[in-house]
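Participant: Chain by chain, the residues run as shown.
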Amino acid sequence: MNLEDLSDITEEVAEAAKSRRHCVRVCMAASCQSCGSGEVLEGLQAQAKQNADDDVCIKPVGCMGLCSAGPLVSVDSDQPATELLYQDVTADDTEELYRSLDDDPLERLRCRTDVPFFSRQQKIVLRNSGIIDPEQIDDYIAAGGYRSLMRAVTEMTREDVLREVKESGLRGRGGGGYPAGLKWATVAMAPEPHKYVICNADEGDPGAFMDRAVLESDPHRVLEGMALAGYAVGAEHAYIYIRAEYPLAVERLKTAIKQATKKGLLGRRICETAHSFEVEVRLGAGAFVCGEETALMASIEGQRGQPRPRPPYPAEEGLWKCPTLINNVETLANIPAIVGKGGAWFKSIGTERSTGTKVFALAGRIANSGLIEVPMGIPLGEIVNEIGGGIPDGRRFKAVQTGGPSGGCLPEQYLDMPVEYDTLRSAGSIMGSGGMIVMDETSSMVDVARYFMEFCMDESCGKCVPCRAGTVQLYGLLDKIADGEATPSDLELLEELCDVVQATSLCGLGQTAPNPVLSTLRYFRHEYEEKLRPESERMPRMQIVTLDD
Amino acid sequence: MLMERQNTERRAAPTPPDDDKRWKIVNVTMRRNGYSGHALIETLHKVQDCFGYLEDRSLRYVAMSLGLPLSKVYGVATFYHLFTLKPQGKHTCVICTGTACYIKGSRELSTAIEDRYSVKPGQTTKGNELSVLSARCIGSCGLAPTVVLDGKVLGQLTAAELIDEIEEVV
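Going line by line, the protein sequences match chains A and B.
Using my numbering, the first residue of the first sequence is number 1, and each one after it goes up by one.
Using my numbering, the first residue of the second sequence is number 1, and each one after it goes up by one.
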């Protein structure tokens with residue numbers, strides 16, 4: 001494979017596209033599939049066969065974003081979701097839809113695309129999502145894929161690639177927001193001959209599905225990003241650690257690895273150079289803590305996924321004690337564009353300290369739930385009210401939860417705040433991996449805090465005491481408050497314990513477990529206080545929360 | 001790679017617990033990974049895929065084959081939520097308890113199941129017809145609240161619709 005081969009494939013695909021009368025794209029990401037998009041695809045394919053239309057292409061594609069209106073079908077446009085888009089399509093509609101291809105659009109099923117949900121987005125990571133067939137490598141190549149890798153390994157030095165990534169200002173999209181360039185440089189400088197690249201696809205935050213969608217819709221982009229990372233830091237082996245709960249993503253990823261290896265874009269001596277890069281998939285087994293990098297590495301080594309103290313950081317001593325670069329799916333998916341168009345281009349998007357775009361998974365009490373990609377620095381209110389279409393059923397907005405169990409709830413006064421790593425942190429939440437759950441007035445914030453604490457309690461790996469015992473006690477206190485059995489001193493105890501768990505836990509899971517409690521206490525303290533009993537009604541003895549249940 | 005292959009020299013393979021053909025599939029996975037201890041999680045996944053759960057003798061067999069202490073194998077098998085040491089019912093219903101589903105009423109779904117079949121998440125009905133499980137997040141948040149019934153994702157459900165769906169399969 002060389003640049004010419006890539007151009008040939010691109011031309012072939014373009015020729016084939018030109019000779020087609022219509023191209024109908026059916027979303028086959030997990031969300032639409034569970035609403036029956038598989039039957040829609042089959043129905044349309046049957047129609048094409050029945051009519052013996054060789055020049056109509058019915059194509060399975062990845063996520064188009066507006067998951068709540070699925071199954072989605074787009075017609076003809078290369079920019080689905082900007083022109084003719086159909087929503088809530090069922091197998092019964094396929095005949096009528098097919099007939100409408102050469103006729104007027106089918107207004108009954110039409111999804112408006114001139115709305116902010118589509119027009120306010122800016123896509124880098126999701127650029128091919130919903131356009132290309134994720135199971136066809138040629139589609140990705142025709143969309144400009146693998147050019148960055150090819151150019152990097154043949155024309156650029158490792159330092160050139162590193163420089164672009166550093167200049168881009170890209171920060172880790174998994175939650176921490178650590179500058180990717182710095183991490184890469186540390187691994188690149190390590191003298192050891194064996195190094196690893198790990199792609200963290202253990203997207204454990206409940207309510208987050210960005211990485212799943214990227215892997216299901218455009219797996220080659222992630223692989224290309226990984227191969228570029230491998231080239232830049234000098235690693236020849238890589239792992240993708242992915243949740244076993246995402247069977248479709250696993251399958252597409254494995255297909256993609258096979259295709260890329262066959263074309264010589266991965267594996268031994270990639271792109272006819274001396275550089276090799278082999279990728280293996282490792283399945284998680286349902287442990288949230290494995291999203292933490294040291295726990296993830298333990299899990300790849302076949303151990304219980306328990307974190308260890310850092311330093312040494314994985315960049316110095318990681319998988320099998322070798323220097324290891326761990327990046328999240330979305331971080332790596334940004335790399336091909338950064339290397340292709342330059343770090344300066346990437347830096348021009350977003351804000352000064354948070355460059356580029358961010359993918360968010362919008363869900364909860366919101367009209368348009370689904371996947372969006374917006375430039376950093378966009379006001380929170382614009383995401384909720386314009387892109388998300390506001391709160392349905394005439395209810396009032398109450399809070400938006402970002403960052404999953406490590407994040408916090410932001411109330412109405414923060415709707416004007418630009419969404420960046422630092423602003424979110426100062427408001428008591430975090431960027432996290434990109435889950436955004438919108439809540440309306442029917443949600444009790446004490447309940448929400450209790451929900452997240454229950455999550456952390458269940459997911460605590462049990463290695464360190466503050467997290468193992470602290471989360472149980474915090475949950476017990478929250479339960480007591482939610483049931484209206486707590487007194488003001490319980491609330492004090494809750495706050496004190498939050499501080500202890502935050503300050504003394506071993507890894508990120510424990511350190512951030514109190515965040516949902518602290519942020520709801522900060523903005524919705526009255527909800528806690530309303531549930532308290534006067535001190536005089538205190539039980540004679542302090543109630544001990546038992547560990548049994 | 002480097003360290004991983006350390007363990008590759010082949011020990012005398014232990015005999016499988018019985019002559020069930022599925023052990024062959026398990027053996028293929030272990031062999032492909034060079035009988036390395038690092039392949040423990042992969043192997044357990046395979047055993048569970050083949051047999052539905054991890055019984056004691058499976059754990060013993062895997063421990064012997066990979067040259068690992070049984071305590072470690074048991075430790076790993078119990079650490080990860082996805083592994084189950086108990087046989088599942090004929091049908092499974094996984095209720096998603098992710099944040100979006102929680103906000104949109106996944107509790108009502110589990111209450112409805114409890115009222116109708118008297119089983120809580122993690123339990124199986126008498127007669128092994130239906131196992132009810134809960135998942136942290138299945139990533140279909142746009143369709144909240146969701147359940148996975150026998151591998152099929154059902155979204156935007158009310159409690160009554162869910163019971164109807166379960167009645168159809170059970």
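Don't read these hints as lab results, they were simulated from the structure.
In this text the structure is predicted, and so the values were computed from the model without any measurement.
Do not take every clue at face value.
Stated by the list, open to error - Simulated pairs of lysine-lysine, DSSO-like, Cα-Cα distance not exceeding 30 Å: (1) A:254 with B:72; (2) A:463 with A:531; (3) A:123 with A:166; (4) A:254 with B:24; (5) B:120 with B:90; (6) B:152 with A:59; (7) A:49 with B:152; (8) A:166 with A:18; (9) B:120 with A:258; (10) A:258 with B:24; (11) B:90 with A:321; (12) A:341 with A:59; (13) A:254 with B:21; (14) B:24 with A:531; (15) B:120 with A:463.
Unchecked claim - If you only want the chain B side, here are some residues facing chain A, beta carbon under 7 Å, derived: (16) 34; (17) 37; (18) 38; (19) 89; (20) 94; (21) 102; (22) 105; (23) 141; (24) 143.
Positions of the beta carbon are idealized from the N, C-alpha and C atoms, including for glycine.
Participant: None of the hints should be skipped; say for each whether it holds.
Facilitator: Against the structure, the hints:
Distance check on the hinted pair: residue 254 of chain A and residue 72 of chain B sit about 29 Å apart at the alpha-carbon level, within 30 Å; holds. A hinted pair counts as satisfied when its Cα atoms are at most 30 Å apart, and residue 463 of chain A with residue 531 of chain A does not qualify at roughly 34 Å. Of the pairs offered as hints, the one joining residue 123 of chain A and residue 166 of chain A holds, with about 21 Å between alpha carbons and a cut-off of 30 Å not exceeded. The hinted pair formed by residue 254 of chain A and residue 24 of chain B meets the criterion: a straight-line CA distance of about 22 Å does not exceed 30 Å.
Our distance criterion of 30 Å between C-alpha atoms is met by residue 120 of chain B and residue 90 of chain B, whose separation comes to about 16 Å. For the given pair, residue 152 of chain B sits about 23 Å from residue 59 of chain A by alpha-carbon distance, which is consistent with the 30 Å threshold. At roughly 28 Å between alpha-carbon atoms, residue 49 of chain A and residue 152 of chain B fall within 30 Å of each other, so this suggested pair holds. The straight-line distance between the Cα atoms of residue 166 of chain A and residue 18 of chain A is roughly 40 Å, outside the 30 Å bound, and the hint therefore fails.
A threshold of 30 Å between alpha carbons decides the hint, and for residue 120 of chain B with residue 258 of chain A the separation of about 42 Å lies outside it, so the pair is violated. At most 30 Å may separate the alpha-carbon atoms for a hinted pair to count; residue 258 of chain A and residue 24 of chain B meet this at roughly 24 Å. At roughly 44 Å between alpha-carbon atoms, residue 90 of chain B and residue 321 of chain A are farther apart than 30 Å, so this suggested pair is violated. In summary, the hint linking residue 341 of chain A to residue 59 of chain A is supported, as the alpha carbons are separated by about 29 Å, within the 30 Å threshold.
Taking the CA atoms of residue 254 of chain A and residue 21 of chain B, the gap is near 26 Å; set against the 30 Å cutoff, the hint holds. A threshold of 30 Å between alpha carbons decides the hint, and for residue 24 of chain B with residue 531 of chain A the separation of about 59 Å lies outside it, so the pair is violated. The straight-line distance between the Cα atoms of residue 120 of chain B and residue 463 of chain A is roughly 28 Å, inside the 30 Å bound, and the hint therefore holds. A cut of 7 Å between beta carbons decides the hint on residue 34 of chain B: the least distance to chain A is about 12 Å, and the hint is violated.
For residue 37 of chain B, the interface hint holds, since its Cβ comes within 7 Å of a Cβ in chain A; the closest pair sits about 6 Å apart. For residue 38 of chain B, the shortest C-beta to C-beta distance to chain A is roughly 4 Å, which falls under 7 Å, so the interface hint holds. Given the 7 Å rule on beta carbons, the hint for residue 89 of chain B is violated: about 19 Å separates it from the nearest Cβ of chain A. Interface restraint check for residue 94 of chain B: the shortest CB-CB distance to chain A comes to about 9 Å, outside 7 Å, so the restraint is violated.
At its closest, the beta carbon of residue 102 of chain B sits 6 Å from a beta carbon of chain A; the interface hint therefore holds under the 7 Å criterion. The restraint placing residue 105 of chain B at the interface with chain A is violated, with a minimum CB-CB distance near 10 Å, outside the 7 Å limit. Among the interface hints, the one on residue 141 of chain B holds; its C-beta lies about 4 Å from the nearest C-beta in chain A, closer than the 7 Å criterion. Nearest Cβ of chain A to the Cβ of residue 143 of chain B: about 6 Å, under the 7 Å cut. The hint holds.
Of the numbered hints given earlier, the model fails hints 2, 8, 9, 11, 14, 16, 19, 20, 22; all others are met.
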